[in-house]
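Line order of the protein sequences matches chains V and C.
Yeah, the first sequence ends on 378 if you go by numbering that gives the first Met the number 0, and it's all consecutive.
Yeah, the second sequence ends on 494 if you go by numbering that gives the first Met the number 0, and it's all consecutive.
Keep in mind the hints are simulated off the structure, nothing from the lab.
Treat each hint with caution, since some may be false.
So these bits of chain C aren't anywhere near chain V, every CB distance computed over 10 Å [stated by the list, open to error]:
# : residue
1 : N5
2 : T23
3 : D38
4 : Q186
5 : E266
Using C-beta positions, here's what the derived DEER-type ranges look like [unchecked claim]:
# : chain 1 : residue 1 : chain 2 : residue 2 : range
6 : C       : K66       : V       : V41       : 47 to 53 Å
7 : C       : G32       : V       : G245      : 47 to 53 Å
8 : C       : G32       : V       : R53       : 27 to 33 Å
In this text the structure is predicted, and so the values were computed from the model without any measurement.
Idealized CB from N, CA, C, for every residue including glycine.
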Amino acid sequence: MPHADPYLLPIAALLTAIGLIEIYRLGPKDALKQGTWVVVGVAVFAATLVGLRRDYRVLENYKYLFGLGAIGLLFMPLLPGIGQTVNGARLWVHAGGLQFQPGELGKIALIVFLAAYLREKREVLAAGRLKDWGPLLVIWGGAMLVLFATDDLGSGLLFYGIFLGMLYVATARIAFVAAGIGLFLAGAVAVYQGTPHVRERVINWLAPWTTHKVFCPLSGQMTFRQDCQSYQQVQSFYSIAHGGMGGTGLGKGTFVNAAGGQIIPYLNTDFIYSAIAQELGLIGAAGLILLYMVFVLRGFRVALFAGDGFSKLLAVGLTFGVAFQVFIIVGGILRVIPLTGITLPLVSYGGSSILANFLVLAGLMLVSNRANAELEGAR
Amino acid sequence: MNRQVNRLAVLAIVLLVVLVGATTYWQTWAVAGLQDKQDNAIQRVVQFTVKRGLIEAGNTILATNVKRKLRGETLYFRKYPQHGLAAQTVGYSTASRSQAGLERSLNGYLTGSTTNLSDAFRHILDRLGNATVQGDNVELTLRPRVQRLAQQLLGNRCGAVVAMNPHTGAVYALASAPTYDPNLIDQPNGYAKVLKIRGACSGASALYNRTTQGLYTPGSTFKVVTAAAALDTGAFTPTSTFYDPGYCTEYGKQISNAGNPDQGGREVFGHLDFSSALEHSVNSVFCNIGKQIGAGTILAYAKRFGFYRTPPLETPADERYASGLYNGSHLFDPKDPASQVDPGRLAFGQERLLVTPLQMAMVASTIANGGVVPRPYVVQKITSADGSTIQTTHPSSLGRAIKPQTAAELNQMMQLVVQGGTGTAAQIPGIKVAGKTGTAETNVPNVYTAWFIAFAPADNPQVAVAVVLEKQLNGFGGAVSAPIAKQVIQALLGR
Numbered sequence: 000m001p002h003a004d005p006y007l008l009p010i011a012a013l014l015t016a017i018g019l020i021e022i023y024r025l026g027p028k029d030a031l032k033q034g035t036w037v038v039v040g041v042a043v044f045a046a047t048l049v050g051l052r053r054d055y056r057v058l059e060n061y062k063y064l065f066g067l068g069a070i071g072l073l074f075m076p077l078l079p080g081i082g083q084t085v086n087g088a089r090l091w092v093h094a095g096g097l098q099f100q101p102g103e104l105g106k107i108a109l110i111v112f113l114a115a116y117l118r119e120k121r122e123v124l125a126a127g128r129l130k131d132w133g134p135l136l137v138i139w140g141g142a143m144l145v146l147f148a149t150d151d152l153g154s155g156l157l158f159y160g161i162f163l164g165m166l167y168v169a170t171a172r173i174a175f176v177a178a179g180i181g182l183f184l185a186g187a188v189a190v191y192q193g194t195p196h197v198r199e200r201v202i203n204w205l206a207p208w209t210t211h212k213v214f215c216p217l218s219g220q221m222t223f224r225q226d227c228q229s230y231q232q233v234q235s236f237y238s239i240a241h242g243g244m245g246g247t248g249l250g251k252g253t254f255v256n257a258a259g260g261q262i263i264p265y266l267n268t269d270f271i272y273s274a275i276a277q278e279l280g281l282i283g284a285a286g287l288i289l290l291y292m293v294f295v296l297r298g299f300r301v302a303l304f305a306g307d308g309f310s311k312l313l314a315v316g317l318t319f320g321v322a323f324q325v326f327i328i329v330g331g332i333l334r335v336i337p338l339t340g341i342t343l344p345l346v347s348y349g350g351s352s353i354l355a356n357f358l359v360l361a362g363l364m365l366v367s368n369r370a371n372a373e374l375e376g377a378r
Numbered sequence: 000m001n002r003q004v005n006r007l008a009v010l011a012i013v014l015l016v017v018l019v020g021a022t023t024y025w026q027t028w029a030v031a032g033l034q035d036k037q038d039n040a041i042q043r044v045v046q047f048t049v050k051r052g053l054i055e056a057g058n059t060i061l062a063t064n065v066k067r068k069l070r071g072e073t074l075y076f077r078k079y080p081q082h083g084l085a086a087q088t089v090g091y092s093t094a095s096r097s098q099a100g101l102e103r104s105l106n107g108y109l110t111g112s113t114t115n116l117s118d119a120f121r122h123i124l125d126r127l128g129n130a131t132v133q134g135d136n137v138e139l140t141l142r143p144r145v146q147r148l149a150q151q152l153l154g155n156r157c158g159a160v161v162a163m164n165p166h167t168g169a170v171y172a173l174a175s176a177p178t179y180d181p182n183l184i185d186q187p188n189g190y191a192k193v194l195k196i197r198g199a200c201s202g203a204s205a206l207y208n209r210t211t212q213g214l215y216t217p218g219s220t221f222k223v224v225t226a227a228a229a230l231d232t233g234a235f236t237p238t239s240t241f242y243d244p245g246y247c248t249e250y251g252k253q254i255s256n257a258g259n260p261d262q263g264g265r266e267v268f269g270h271l272d273f274s275s276a277l278e279h280s281v282n283s284v285f286c287n288i289g290k291q292i293g294a295g296t297i298l299a300y301a302k303r304f305g306f307y308r309t310p311p312l313e314t315p316a317d318e319r320y321a322s323g324l325y326n327g328s329h330l331f332d333p334k335d336p337a338s339q340v341d342p343g344r345l346a347f348g349q350e351r352l353l354v355t356p357l358q359m360a361m362v363a364s365t366i367a368n369g370g371v372v373p374r375p376y377v378v379q380k381i382t383s384a385d386g387s388t389i390q391t392t393h394p395s396s397l398g399r400a401i402k403p404q405t406a407a408e409l410n411q412m413m414q415l416v417v418q419g420g421t422g423t424a425a426q427i428p429g430i431k432v433a434g435k436t437g438t439a440e441t442n443v444p445n446v447y448t449a450w451f452i453a454f455a456p457a458d459n460p461q462v463a464v465a466v467v468l469e470k471q472l473n474g475f476g477g478a479v480s481a482p483i484a485k486q487v488i489q490a491l492l493g494r
């Protein structure tokens with residue numbers, strides 16, 4: 000890849016390293032597994048680059064396959080026998096001693112489908128021809144349905160955001176985005192009414208602390224909300240606050256209580272940001288976000304210089320996906336939006352996530368390599 | 000498409016900038032508030048890595064630390080070597096992070112997190128250098144010997160003793176009985192056990208700081224406030240004469256002196272002056288004074304003495320209550336006292352009046368201090384671990400309550416109480432003691448709240464005292480509380 004963007008790979012490597020270090024600090028055993036997954040991720044990354052080195056745009060020809068594949072992957076956890084529910088969300092697949100979150104790969108399949116489909120239909124979609132919306136809505140509606148059926152709200156929000164972002168870039172119609180947001184809000188209200196899981200998240204967001212005791216479904220007793228439903232979130236605030244400006248220093252943070260128990264559950268996956276914020280402080284946490292900013296800006300630069308619509312949309316989808324995913328999980332942790340469990344790209348512990356994000360990286364490398372090569376050829 | 004790509008890029012960056020902003024909020028502005036939260040599990044661990052400051056009174060250590068090694072880390076846990084000296088005031092700080100008393104209100108100093116800039120810098124260096132962070136030490140104004148004596152005198156009875164310097168407001172003793180051993184709190188079921196210590200009166204738990212949280216009917220001790228209002232407004236002088244028929248007529252009903260156990264047996268005094276009326280605590284006289292000057296005036300003077308405000312002290316604000324009229328459990332400040340308050344019964348300290356021992360000690364101090372209310376304080380000094388002073392309490396006042404002349408007249412009148420009135424049990428050879436007894440009715444017949452407030456030496460006051468005993472069967476203030484006050488005064492004056 001002689002012409003690929005020179006910043007993407009180093010930044011991704013740095014993010015992965017930060018994640019590995021923090022995961023090692025929290026639990027060396029997990030770090031070994033994560034390290035193994037990074038090796039697998041790099042292998043898949045390399046294989047993708049080699050396999051698609053001639054022209055990755057052949058993917059366009061298989062767009063419906065990707066669309067159906069995406070839904071298939073998202074549906075997998077719902078299948079009896081191999082599906083598994085963890086932390087209230089049904090998004091794991093269990094097969095032969097291997098656990099996997101197919102949704103992460105589904106995300107990439109969906110982005111490929113959307114890029115190809117929107118490239119082909121963007122003019123007619125912008126003109127508002129109703130029948131062209133058909134396949135889009137079917138694929139999309141299916142995906143959303145699955146997500147709400149699996150209670151995986153974070154991914155639902157992420158996919159919807161990517162969809163709207165790509166739709167806007169393809170059609171330049173802000174009205175579509177507005178309509179999309181309107182539909183989302185209507186849907187959100189309906190889901191809020193219907194699902195206690197969602198209602199709880201919203202209530203925790205609005206009022207994580209209570210001064211009077213409320214019913215705790217976990218223990219069946221009356222307790223303060225910060226001792227029950229919002230416990231994880233509130234302790235994560237304490238963790239971030241304990242870091243302060245300069246942080247406690249790597250390895251000196253407090254994550255274990257006097258009895259030896261872990262204070263914040265899911266610390267190295269969903270909540271790794273609050274661990275990093277405690278140990279590295281505002282300086283380190285802001286630095287981490289800054290790395291994502293540079294990565295995202297380089298990603299958008301790739302989209303700008305890409306020669307064809309498919310490449311542009313692919314780069315936009317992959318890049319905005321990373322930015323929006325960071326926003327959803329970190330914004331949730333920081334109480335900017337309601338908290339939904341989702342990984343921090345490249346940093347969080349989790350094989351599927353690492354694998355998927357290396358594929359994202361591979362995609363951006365491929366697009367940038369071609370775009371830059373074309374630019375130099377034109378010169 | 001590039002225009003849209005640019006716009007989407009801007010949106011993405013804005014989203015990430017929001018995250019930096021939100022992180023800044025949580026790691027700067029929100030820090031102090033979050034550290035104070037009781038459910039902060041991180042602080043629960045971190046606080047034990049800090050060597051908490053000592054709480055001392057004189058050379059007596061009231062709160063110190065014991066070191067324990069846990070998984071390679073040195074942790075510090077609290078220990079109270081005096082096993083309950085001034086327990087309610089010092090409070091406790093447990094492994095489960097529940098706190099009370101000064102341990103709670105001064106937590107910031109004791110853990111070294113509320114200090115000036117140079118100290119904050121030193122703590123950061125400590126932390127970076129892996130050294131133990133040491134909290135600030137707190138030096139109290141309490142006199143351990145007197146505090147211990149006061150607690151012994153109260154014994155198993157329920158009640159409180161407050162002794163203070165009437166000029167500076169420095170508190171010498173804050174005894175609340177029954178008391179408890181703060182070391183117990185951290186033991187299994189310790190809190191529940193301490194909660195059950197209720198003393199002879201089977202009243203509120205030992206955890207309760209009766210000196211500042213105990214609300215009692217003041218009875219005749221409140222006559223000092225009424226008399227202050229009567230003299231200070233110029234409505235009466237110490238030589239004003241009255242006729243006592245043995246009762247006072249209010250709302251067409253006779254309120255008999257016979258109901259006043261504080262009067263020392265006699266029920267009808269006939270002609271007498273104001274001084275004798277206070278000396279013998281004659282209810283009918285004060286009832287008539289109250290009717291004449293009105294409930295509004297009495298309450299206005301009470302406020303000048305500090306009533307209706309939470310008395311200042313360094314203990315947590317919710318462990319101190321304001322004195323005044325109470326409707327049920329709520330402080331009641333009448334908008335129209337003339338129609339809402341019975342002035343006669345208010346004048347001799349019944350009505351719905353509830354006061355704390357600290358407030359009554361402030362009343363005695365004010366008379367001793369020439370009419371100026373001293374601001375009570377119990378923390379003398381806060382010093383950092385290296386010995387440098389962080390904060391010293393400078394005596395101050397809460398303002399003037401009455402004219403110097405009124406205070407001088409009341410001083411004389413209160414001396415009569417001890418010389419030949421209801422408070423003779425407080426006499427100390429060679430020292431003039433000024434005092435006032437109080438014996439307030441409770442819901443149960445012949446069971447009283449027994450009061451005595453005093454200061455001495457009357458011609459050069461050094462000490463002011465308030466003593467209260469709960470649920471005394473036929474126990475009058477002059478008989479049961481005055482002797483306690485006497486011994487506390489003697490101990491403080493070195494006699």
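ask   = Against which earlier hints does the structure fall short, listed by number upward?
value = The structure conflicts with hints 1, 2, 3, 7, 8, although it agrees with all the remaining ones.
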